[in-house]
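4 protein chains.
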Amino acid sequence: MKKRINVAILGAAGVLGQRFIERLENHPTFEMVALADVMVGKRYEDATKWRLGNRIPSKVKDMKIVAGDSFSKNEIDVVFSALPGGIAGKIELDLAKKGFFIISKASDHRMEEDVPLIIPEVNAEHLSLIEEQRKKRGWDGAIVTDPNCSTTIMAVSLKPLWDNFGIERVAVSTMQSISGAGYPGVQSLDIFENVIPYIAGEEEKMIIETKKLFGDAKRPADLRVSASCSRVGTIDGHLEVVFVETSKKADPDEARKAFEQLKGLDYPSAPKEPIIVRDELDRPQTRLDRDAGDGMSVVLGRIRKDEALGLTYVVLGHNTIRGGAGGAILVGELCHGKGYI
Amino acid sequence: MKKRINVAILGAAGVLGQRFIERLENHPTFEMVALADVMVGKRYEDATKWRLGNRIPSKVKDMKIVAGDSFSKNEIDVVFSALPGGIAGKIELDLAKKGFFIISKASDHRMEEDVPLIIPEVNAEHLSLIEEQRKKRGWDGAIVTDPNCSTTIMAVSLKPLWDNFGIERVAVSTMQSISGAGYPGVQSLDIFENVIPYIAGEEEKMIIETKKLFGDAKRPADLRVSASCSRVGTIDGHLEVVFVETSKKADPDEARKAFEQLKGLDYPSAPKEPIIVRDELDRPQTRLDRDAGDGMSVVLGRIRKDEALGLTYVVLGHNTIRGGAGGAILVGELCHGKGYI
Amino acid sequence: MKKRINVAILGAAGVLGQRFIERLENHPTFEMVALADVMVGKRYEDATKWRLGNRIPSKVKDMKIVAGDSFSKNEIDVVFSALPGGIAGKIELDLAKKGFFIISKASDHRMEEDVPLIIPEVNAEHLSLIEEQRKKRGWDGAIVTDPNCSTTIMAVSLKPLWDNFGIERVAVSTMQSISGAGYPGVQSLDIFENVIPYIAGEEEKMIIETKKLFGDAKRPADLRVSASCSRVGTIDGHLEVVFVETSKKADPDEARKAFEQLKGLDYPSAPKEPIIVRDELDRPQTRLDRDAGDGMSVVLGRIRKDEALGLTYVVLGHNTIRGGAGGAILVGELCHGKGYI
Amino acid sequence: MKKRINVAILGAAGVLGQRFIERLENHPTFEMVALADVMVGKRYEDATKWRLGNRIPSKVKDMKIVAGDSFSKNEIDVVFSALPGGIAGKIELDLAKKGFFIISKASDHRMEEDVPLIIPEVNAEHLSLIEEQRKKRGWDGAIVTDPNCSTTIMAVSLKPLWDNFGIERVAVSTMQSISGAGYPGVQSLDIFENVIPYIAGEEEKMIIETKKLFGDAKRPADLRVSASCSRVGTIDGHLEVVFVETSKKADPDEARKAFEQLKGLDYPSAPKEPIIVRDELDRPQTRLDRDAGDGMSVVLGRIRKDEALGLTYVVLGHNTIRGGAGGAILVGELCHGKGYI
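Chains as they are written, first to last, in this note's numbering: chain S, 1 to 341; chain B, 1001 to 1341; chain E, 2001 to 2341; chain Z, 3001 to 3341.
Hints may contain errors.
What the hints assert, rightly or not - Examples of chain S residues toward chain E, derived with CB under 7 Å:
#, residue
1, V66
2, S70
3, I178
4, Y183
5, P184
6, V186
7, S188
8, L189
9, F192
Think of the hints as simulated: they come from the structure by calculation, not from any bench. Quantities reported herein were computed from a predicted structural model and do not represent experimental measurements. Ideal Cβ placement from N, Cα and C applies to all residues, glycine included.
When you get a sec, could you build the whole thing from the sequences and use the hints?
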């Protein structure tokens, strides 16, 4: 296992790219060696408008933006893709063909049969698809994906229920932050003092990705999922109200115990507690809880009996950390730990 | 049927009381003759801080605040109660005993067996409980209630489903505005850039009131309801995501037709269209749609098939108009139209 | 004087264009006969996303979008321009050459020497520049402008001080709403829970336009103006803190009297009180006061003595009504009343 | 000089008290040994609702709340007072009489002639008043104060201008966050989508405190200050637009240089750069810049020439850190460094 892994970031100047940089700045294993985006040749500081606080990290300030297709296998071990869906697909494919190991936040390849869709605490075993992918596609590279932010947050919370009780049906209503739409994303005139009960493509992703995560690597799990996704006026953090029917009856106390027992993994970005259960009546709250576990825990509360489906709870996660750059980096750490990198 | 009805408002200086005044200012039938609140003797303008726009209506500016227990039967035909739950109960009881006809927004008497809980478009026939109430309690007065704001908005939308398909189960996730908490209500430090996934007492009300509304006057309806109520950063308007299992299968088109066919009533405050269906993907929206039908219509959209329960949609209503003063005034108009007043 | 005036709107599908339509829908004199924008041939409803409430006015829903250069002098008496600065200049010029009477909200021609920049309550007499403009430019048409929204709101408040005491220096700090930036305007990620202390071009406009307004038609007034413009998280309404040094000493009571005595004009869009003075310590407030006088009054408060310049007050106006479509329509009414149209 | 200083916090359960705890949790010199508030005997965790993030610091969680009048001189070296103005005065006086060294954020004693009002980078030399205070009052204790949050932020920015050019007049317009009002503070219904152009007492404080800070210890400085304070919808951070007339002309470049040259002090809480100058047109911004220098720097931008007073700029600081607990702790560090503690 290599000690230091050289990584490149695709889409480094976007909001998601900035989160990758922020989380990789002092990473013990991954070393940022290349930042790719469209403004090739510019200093990073001149190519982006830093939105994550007072000042751009000094480490990347003077790095020159490069083109993704100029990456050299000698210099780069892993490519994190923060590209938008639609654009990401082809670029990732070209790099994988050249032998690069891609970990992508984009949705383009997620649902392909031989592409692992991974949340380390949920379905690490799906990584075995990599071998099949390489054989089938005839390449040395790899494309590994992690799910949509809303899916990730819910799936982490469903994992202990799935393992302990089985799941028949899930109905979820999300309240998602504006940072989920990237930049430029939601116009202020649209979302100020408002709720928009629709996010394009989000509900479909929550439905199909959840089934892939809980299936075996190749067949979606047999559960029924319904999602209704809303945008609300918060900056970061997606809060989700989950109604769930378990196969074996789960009363709130049993569910609570199961949630708390979900094990944290032993990787740098893995939170000690993947699920933090709060017993106060009014938690989790978006602003107060999104940074729990350095943004990598989901915070869960209001576990209660439910007349309609049996069990209800509320779960919150940081969409651009756990559901974004942090989640993808954790997938990278898992791939490294398991010897794929 | 009297042409002009003299009305009094209990709790006239609160936010809900202000809404009553705003909606009664130019009412064709109801004439405000008494404003009751704690600061007895003060001019209304000095007793309240007007929050509904630039200036306090000139009609009430100089009216003197009176005490509720000083009401005279000669002067007052109907009493609208905008008192907070907990305080309202005894005061309303005392007035009913004295023979006053009370229409109350407070929750205190809502669930009593002989007290009608009315949404005119949903269960006007429950008004017949008034006779039973009078007989049983031995008074000439009456206490009539209307439901909690969140219940009202959902129940209007459920009515056509109930009538056309029957309802087995409902799971609802609400996103409610800060005005729902009254004044002083939610602290800005608590709700700014935040979602609070809990509103005390709200979920229980949605569950039990819905069953009473769709039951016959004395027995709750046999349906399963689950509610999860969240406070979001909007000023007015409650948006609700509803997952519903109908008894007879209802596909989205059939449901849409049923929603649109719910008839408007012929009262001054009744909206022509109790339910306005919007076909755009991203409607209803809180800020854009809460004032539809002068705040008395609910706006409904995103009707779609649902894997978990069968049917999903989003409904929005104005919490302090349809779900507040406007709804109660409409109940008053119904009582008047039906000869109870 | 013609009884009915046919008007066209340039930029009808933008946010400002929508405000024009909203304010002209039931106008007693001006009849909308043409809506111009880029999506020529489309029904208005399909060419725009209506942002001013629940539904698009039925009057314009089915009107077909036309091209500005297809306007016919037989059909159109007045053209209101809601075009963005930069684009407006040439289009307005071409139409004026063809003989159209243009009233423009765009900044392009505002500072030209022979173009009147008008606030009816402030400098109606500057309209006389029209004759000079026609002579000089050799056309029958006309270009009349009204100032930037922030300038308008401040200038209305300065008018009584200018007339009664003279003004030496003004320092103004504005807190402007997001609707001032049009649509798409400010990204929500930029302005949520934030203040941005800069609005491109705004400060320069406040400085030079104020001098033109208070000058004689051809020479800027001799006063010193300093402006610092900030964007805050409100939807509509610009609030301005004004520090002013008058030539003749004005104590707060005298200033108050002068503010209140500014006369309203006798036109359909003219507010009875151009300046509404509020004596409460905490008024004007953006959300509560922006709609005063149907959005055409400015609301002024907190008049007090000031150690630095002598007099301080706070003034608020509706940026897209008084400072936008409403202001321009009032200019149109003035032009009509004075016989220019 | 003692290595470890035992400190107590008065008003430990309030929002400001929480900030003290957050900033003292890992302090190299100050050790929290007593938390005083009204709920005497309760565990700290049960006595407060923690508002500064996910979880209450483990160090204080189980500490028992004590009464301020039970403090023992053997155990406590310094008392930080986070009490509200009005309540603080007498309690602080009683403790000073008993010999305690008080550093107070409350306004009650700020303007007393023998009480130092200190910003370490601005007027550290005023600490010498302590001796006079002790002599005059006949006590061994001391009361040292630091200014109101808005004053502090402005005064840090004025310091280099005062030293290099002299100051004749200042007009300041502030845009202050809701956390400035404490908890419970501003109601959400009051401030949502709104600006309130008034904060009780704030303007007077800015005027008189600024003069005391730049005076010699006993006489206010001779400069004219005018302030207009507004509440806007941000959580933390006060942004201030400053118009200033210097005695000696200061062009923007000279001012910029002076701002940057203000020296940081060598104390644990002292920011390396007390003033961070940003050259981007649109900085400082409240959300992006309030945490600069760990919340202890002020961020300054938009330095420009001004027609009215000569020089204008925008300055931002964190109101509950630099202008709150952080500022008071820095005063404590200064007192310790200078041997007063």
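We went through each hint and held it up to the structure:
A cut of 7 Å between beta carbons decides the hint on V66 of chain S: the least distance to chain E is about 26 Å, and the hint is violated. Nearest Cβ of chain E to the Cβ of S70 of chain S: about 30 Å, over the 7 Å cut. The hint is violated. Given hint, I178 of chain S at the interface with chain E, holds; its Cβ is 5 Å from that chain's nearest Cβ, closer than 7 Å. Interface restraint check: Y183 of chain S against chain E, minimum CB-CB distance 5 Å, threshold 7 Å, status holds.
Hint status for P184 of chain S relative to chain E: holds, with the closest Cβ pair at about 5 Å, below 7 Å. Annotation: interface hint on V186 of chain S holds; nearest CB of chain E at approximately 5 Å, less than 7 Å. The interface hint given for S188 of chain S is met, as the beta carbon of that residue sits about 4 Å from the closest beta carbon of chain E, less than 7 Å. At its closest, the beta carbon of L189 of chain S sits 5 Å from a beta carbon of chain E; the interface hint therefore holds under the 7 Å criterion.
Among the interface hints, the one on F192 of chain S holds; its C-beta lies about 6 Å from the nearest C-beta in chain E, closer than the 7 Å criterion.
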